[in-house]
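2 protein chains.
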Amino acid sequence: MEFNHVHKSKKRVDVYEKVTGRAKYGADMRFPDMLYAQTLYTKYPYAEIKNIDLGSAQKQNDVEAIITAEDVPNNKFGVIIENQQVLAEDKSLFIGDGIAVVAAKTAKAAGRAVELIDVQYKELKGVYDSLEARKEGSQLIHEENESNQVIHHPLRKGNVKQGFLESDVIIKREYDTPFIEQSYIEPEAVVAVPYQENSTITIYGSIQNPFATQEAVASVLKEKLNKVRIVQNHMGGSFGGKDEVVSSMAARAAILALKTEKPVRLVNTRDQSIKESYKRHPYKMKYKIGATHDGRLKAMQIEAVADSGAYACQTPFVTWRSVVQATGPYEVENVKTDTYGFYTNNIYTGAMRGYGSPQVIFAQESLMDELAEELDMDPVQLRLKNIYHNNSITASGQKLDSHQVSLKEVLTKAVEKSDFIEKYNRYKKEQPGDKKRGIGLSISFRGCSLGAEAIDAAGIILSLKKDGSVNLYSGLAENGQGLKTVYCQMAGEILGLDIDRINFMEVDTLISPDSGSTVASRATLIGGNAVKKAANNLANRIKKFIAERYEQTEGDIVLKDGTIYGKKDIEIMSIAEMSSKAAMEGVYLTSYGWYVSPEISWDEETGQGNPYFTYVYGCQVAEVEVDIKTGEISVLKMTAAHDVGRAINPANVKGQIYGGVMMGLGYGIMEELKTNQGYIQNTNFDEYLIPTVKDMPDIDPIIVENPDPDGPFGAKSIGEPTLELGAAAIANAVANATDKRIRSLPINLEQIIVGRKLSKGGE
Amino acid sequence: MEFNHVHKSKKRVDVYEKVTGRAKYGADMRFPDMLYAQTLYTKYPYAEIKNIDLGSAQKQNDVEAIITAEDVPNNKFGVIIENQQVLAEDKSLFIGDGIAVVAAKTAKAAGRAVELIDVQYKELKGVYDSLEARKEGSQLIHEENESNQVIHHPLRKGNVKQGFLESDVIIKREYDTPFIEQSYIEPEAVVAVPYQENSTITIYGSIQNPFATQEAVASVLKEKLNKVRIVQNHMGGSFGGKDEVVSSMAARAAILALKTEKPVRLVNTRDQSIKESYKRHPYKMKYKIGATHDGRLKAMQIEAVADSGAYACQTPFVTWRSVVQATGPYEVENVKTDTYGFYTNNIYTGAMRGYGSPQVIFAQESLMDELAEELDMDPVQLRLKNIYHNNSITASGQKLDSHQVSLKEVLTKAVEKSDFIEKYNRYKKEQPGDKKRGIGLSISFRGCSLGAEAIDAAGIILSLKKDGSVNLYSGLAENGQGLKTVYCQMAGEILGLDIDRINFMEVDTLISPDSGSTVASRATLIGGNAVKKAANNLANRIKKFIAERYEQTEGDIVLKDGTIYGKKDIEIMSIAEMSSKAAMEGVYLTSYGWYVSPEISWDEETGQGNPYFTYVYGCQVAEVEVDIKTGEISVLKMTAAHDVGRAINPANVKGQIYGGVMMGLGYGIMEELKTNQGYIQNTNFDEYLIPTVKDMPDIDPIIVENPDPDGPFGAKSIGEPTLELGAAAIANAVANATDKRIRSLPINLEQIIVGRKLSKGGE
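Order-wise, the sequence lines are chains A and B.
Taking my numbering, I'd label the letters of the first sequence as residues 345 to 1107.
Taking my numbering, I'd label the letters of the second sequence as residues 345 to 1107.
Given that identical chains are not distinguished, each listed pair holds provided it fits within a single copy or across any two copies.
In silico DSS-like links for lysine-lysine, alpha-carbon gap of 30 angstroms or less:
#, residue 1, residue 2
1, 571, 352
2, 505, 630
3, 568, 355
4, 779, 973
5, 449, 606
6, 449, 403
7, 1018, 630
8, 568, 810
9, 566, 925
10, 566, 619
11, 568, 362
12, 743, 757
13, 368, 603
14, 452, 606
15, 420, 603
16, 1038, 757
17, 449, 368
18, 603, 810
19, 603, 362
20, 981, 779
21, 352, 568
22, 606, 355
23, 355, 998
24, 368, 1038
No wet-lab data here; the hints were simulated from the structure.
Model, not experiment: these values are computed from the prediction.
Based on the provided sequences and hints, a complete structural model is requested.
If you want it as structure tokens, here you go:
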């Protein structure tokens, strides 16, 4: 198929405003009389709040208002379970809970006032371990509940008892992963403006999910949705992280703005961001797997326990994705998995790129190498023997028959391109010196979009102006990933217009069709289908207009290069000319596209159903060098093969791969938010280490394309699959290099030096 | 028919924000780093600009930029003929032409700098009279043209020569009217903000026609339409006046904003407003009318000459409306009218409430009384004998068969309610003392909406939120007239929702469907039909959703009081609950309504056709007291009967009548923008007199309702008909009181004292 605008590495449409600094981020928003807000956080992770004395703080110069829980019309919010406090009321439940927020004429005055607020606490004994929280009789974090359990997702398929009986080899392993910070460049920022135009409150900011924020703020303020307006600014990254925490900040700023009748700015420092914003869930996982001598998987039993921290946030959904991906992309007749989330007094956890998959993939793909070792097979062979192919039945009982299952293809391409087999065998042998090289791989299947978590629908509006320029209104947002360019390419393809004629409007709840959140690697797939619908709708109306007036049949009309061609390729007129004529005749050329994904299903009791309507497949190979004396690990090269259906913008796809690989690398060997009794110990990037450009390996992205029948132009997803594979691949490479199996992330120096020997024969 | 929300005097939806001062007007808009702009106007109405020296002005403190014509990318704009200068280039053509605009950090600095700009002019001999401008060989205002004629609209029906031959009585009269200022409370205000969100320029302000301003600014900047955003603020009145002049100011502010990369505010003082903004056209009219002895009209011949001032602006359209209404609502077989517009070096003229009708109705309805006097008939009888009724053929050959022609009804009701006959006869007799009372009336038919001037279409978007609240996006605007309330009532009627659940969004070219301008008393009629379509569309989708899920048939479902009822009036659920359920299922509840008016036609050569698809009818009776010694006229009472089709909000309709009557009163006896050789002599309200509350007569509004088949809920128009009748009614009342016929507006003291005697037997 010939394309003119999609399937090309077009320059980003937002590049100019970004490189010139004209792009406005949340903290760039300024308004006359704007006040600066500052949050007072609790002193203790878990404490009773006995008294709050605002007296001296209120008397400070330039202080205009201070709010506490008393000022919050409805103090509980939450997208799944409404149990998150806007400001701590009777108790603080974690170290990032807010107690009060000051609004003052200057940031300095607000900061001074915060220090003068006198809070009397009664420190309480908290629960800081998910397994502890799970125990009967454990202190209840939310007293209204019967236990600390947030969620339990069972999955039952076949008969695991029988499966293990039929297995020749059984191994059991435990893995665990840490709290992870999303580490977006731009910390959270909101500005709330009261009584602007027709809205009671308008909130600008770095807001990943404007519609969820709108609902949260309306609910907190007890205001109608049509009176709360959220405008998303340019985003300096989000990675799932600017949802609930930003809703909470937006609500606080809104209350202050309405109280003072002035705009209120609330922008976190990095320390505040790390202290207050939710993290990726730490998981504790127990895996048991059984196989025959020849490497056929017979049974898997998995228990995964997620630490939800103080609030439910997205725990029920995050853990649900783990259920679906826990077994990896392998055919196993007998599966039993149990995935849990428990409240603790730790920092709360929620969405982060990967969303429940990086944890289980680290475990599962480490396990596969451990099993291969046990069976004395090479890890590629073991995988090839068991991977999903067309018409495979997944652990949840879904038959993979809607699209090309390309696991073999991504695996083979990555293995060949990285010279995996040769290197794996070479590195396995004894290497001289302290620096040992290793190579490892991991594979995954990943459900695209929200799946059975929630309805998956998105809308696009296209409005053709009289001069042939177009506005594109999207409910899904540019978070930095390149969405604007991709949508403009898709619309341009169908309308025959250059992408510089198409203007992608920032998401604004007042204009944009509520399309849920830009998460779950769904924007290209779900929103792209809406773009296609809207553009086809508009193109058809253009064709109809021409056909009715210029003796043409609609089928002969082609839109290309800004021009309308008729039968025998005769040039009829430019799209600009046609737009102007249509306007003169009162023909309105705005079109809607609304896309609802194909049907999916899920039985929560058994974990059976068709959780996603399509999947993407990926394989990453890591090559490392480990200094066994210092414990230092250098990742030399990452080869990443990802099936994206169709790459609408290959340069953007590569950008996603580079970024995802780097985040996977951080997850594998560097990143860990350390907590101690609920206190966070590394609250800035001097102590919380993320990869820098110096840590960047040679990255070899391999784009695999098997156009999906349900994807716009065949496109699927790429955002999250890129980071879920790195940690396991690196762990396997480290094992290949050092013969040491590390089952706890991040793989650090200490573990390398004193780490456990690669197990032989199960525990 | 039973209504729940329309046909009721609901409280205005915008009352709260207006009375609390929260409503933001153009001049209330403030932005960080905003600059203040000030215009330097030409010194002479007509002059060559030899040199502009900005040197000293530029050196002033706080001055950031100064622009002249050289800085304007495309210096010509205009909605019909593009000949208006953004800034005077080689010549200034009228006294309000801008020469340069300064942007400075303070208004004071801008003002100082303006004074320091040194312009060398060569004064030229201008043309300041439309009849002078008409003469062959007259100085050409626009050198590229062959004459100063902007437009000539002929109308030819029957054979006037024959008609006059068949007449028993023929009279010829001349009437003239002055320049009139729209006199909105709020002078023009714009603020241009560069590079905001995705727009190159965003302009806020008191902008009557955001879409025309968008086109003008885009054209001036040579920018794509989708990069120019216009947001209408609350408006302190417009009355047709905030269109071209605001486009020009918006373009100037935009150029400065892009040059400085800062927001630029350009707000006129009252003096600047009166000097710069276009006026209602002065007309010079010659009427000749022939009738039989028994009062049957046989022929009319009319010549009307409008002064267009320096630019074309809306002259071609304004004069076109005069053509249609020039003969009044009377059956005449033989008609010949010629309506002209000519350029002069006077202030330019454009849209003002009435739009070409107040001038000709003053003439025509004065003429009818003069003819009645001549025929010795009473003015009511003469009118009743000749007025349009159902199936009448108009001067342009249109058969009035689409709606109830209610002239007799409005005339009869006003005459009865005002006790016209008795008073007319009584006052006609000699009255003792200096204070003479009189009563007079006038009637009109008025084409609703734009008519054959331009395509008449409008769009509405309704978006139902998850909590059952609604956003209403309209392309037509609230200018203060009460439109928001009317649209909310209409949508509420169909959706069964209280109007406080519906949020009418300010017009924003980024969101609102381009529906042309809020002019021509078209908003209730044309936009109302779009509201109806959008609301019906949304209601049907709600019904479909319910029918498919709750064993109902769509036909049984009723939306009322926020609740959905099914067969046998069973309550199914609230609309809020339904909205939430729909959102969960990915059903998108936003609907479009796009309305295009019924077909109309016009032959510009003959002035024949169906210029409007429906008409409204009105009659006003004025009762006055004239002090013949001082010349003072007191209007004691105005009785105003108007057929509005259906009054959606009777209180609002009355508001329109009160306001229109007062403007008509000003037109009749007070208002006149005086010019002398192109200079304006009264540039503020101390000298340009408008009626105050002290001049307010007893006003008796009579709402007549004959629901129109093409109107939403039967509604038609009310904005402009209310002011087109007053001047003639007052003139007729003055004649009744004093036996003096004044044919030149305003009727002033001097004319009363030395005015011409009511003519007997024609000139």
